[in-house]
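Sequence positions in the sequence shown follow the working numbering and run 479 to 593.
Don't take each hint at face value.
As the list claims (entries may be wrong) - Pair by pair, the computed Cβ-Cβ distance ranges are:
(1) R504 x G532: 20 to 30 Å
(2) S593 x S530: 36 to 46 Å
(3) A551 x S592: 33 to 43 Å
(4) N550 x R496: 16 to 26 Å
Unchecked claim - Derived lysine to aspartate or glutamate pairs resembling DMTMM-like cross-links, with alpha carbons at most 25 Å apart:
(5) K563 x D538
(6) K520 x E565
(7) K520 x E575
(8) K563 x E523
(9) K552 x E575
(10) K581 x D538
(11) K581 x D549
(12) K581 x E523
(13) K520 x D538
(14) K552 x E579
Source of the hints: derived by calculation from the structure; they are not laboratory data. Just so it is clear, CB atoms sit at the ideal spot from N, CA and C, and this is done for glycine as well.
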Amino acid sequence: VQLQACGGGLVQAGGSLRLSCVASGRTSSSFTMGWFRQAPGKQRELVATIRSGGSTMYADSVMGRFTISRDNAKNTVHLQMSSLKPEDTAVYYCNIEGPYEYKFWGQGTLVTVSS
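Let the hints inform the model, and build the full structure from the sequences given.
Dropping the structure here:
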């Protein structure tokens, strides 16, 4: 399984970015997909997840600013980020989880928010 993420970059505070991640290989649209992030010197943390049926979960810190969505036909997950803050600066990783030990990570994409 491979996860290819794109869409990171440099943006000013208050701006927006859209991250996308495509899963390929032995995957399934029935698996949960999500986004995590890791800021310098900090542990990786959950940003948002979305189940195959569309139910979502968000970290409190991004609630109301970020929106996760998916296209099951294309095994793709998106993260629309708005009202970005400097504290959102991190490497963002997409993730897919299935049954048993099925868990894979993308390579990460850097998001930098300048003040």
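Status of each hint after checking the structure:
{"no.": "1", "hint": "R504 x G532: 20 to 30 Å", "verdict": "holds (23 Å)"}
{"no.": "2", "hint": "S593 x S530: 36 to 46 Å", "verdict": "holds (38 Å)"}
{"no.": "3", "hint": "A551 x S592: 33 to 43 Å", "verdict": "holds (36 Å)"}
{"no.": "4", "hint": "N550 x R496: 16 to 26 Å", "verdict": "holds (18 Å)"}
{"no.": "5", "hint": "K563 x D538", "verdict": "holds (14 Å)"}
{"no.": "6", "hint": "K520 x E565", "verdict": "holds (12 Å)"}
{"no.": "7", "hint": "K520 x E575", "verdict": "holds (23 Å)"}
{"no.": "8", "hint": "K563 x E523", "verdict": "holds (16 Å)"}
{"no.": "9", "hint": "K552 x E575", "verdict": "holds (16 Å)"}
{"no.": "10", "hint": "K581 x D538", "verdict": "holds (24 Å)"}
{"no.": "11", "hint": "K581 x D549", "verdict": "holds (19 Å)"}
{"no.": "12", "hint": "K581 x E523", "verdict": "holds (16 Å)"}
{"no.": "13", "hint": "K520 x D538", "verdict": "holds (17 Å)"}
{"no.": "14", "hint": "K552 x E579", "verdict": "holds (23 Å)"}
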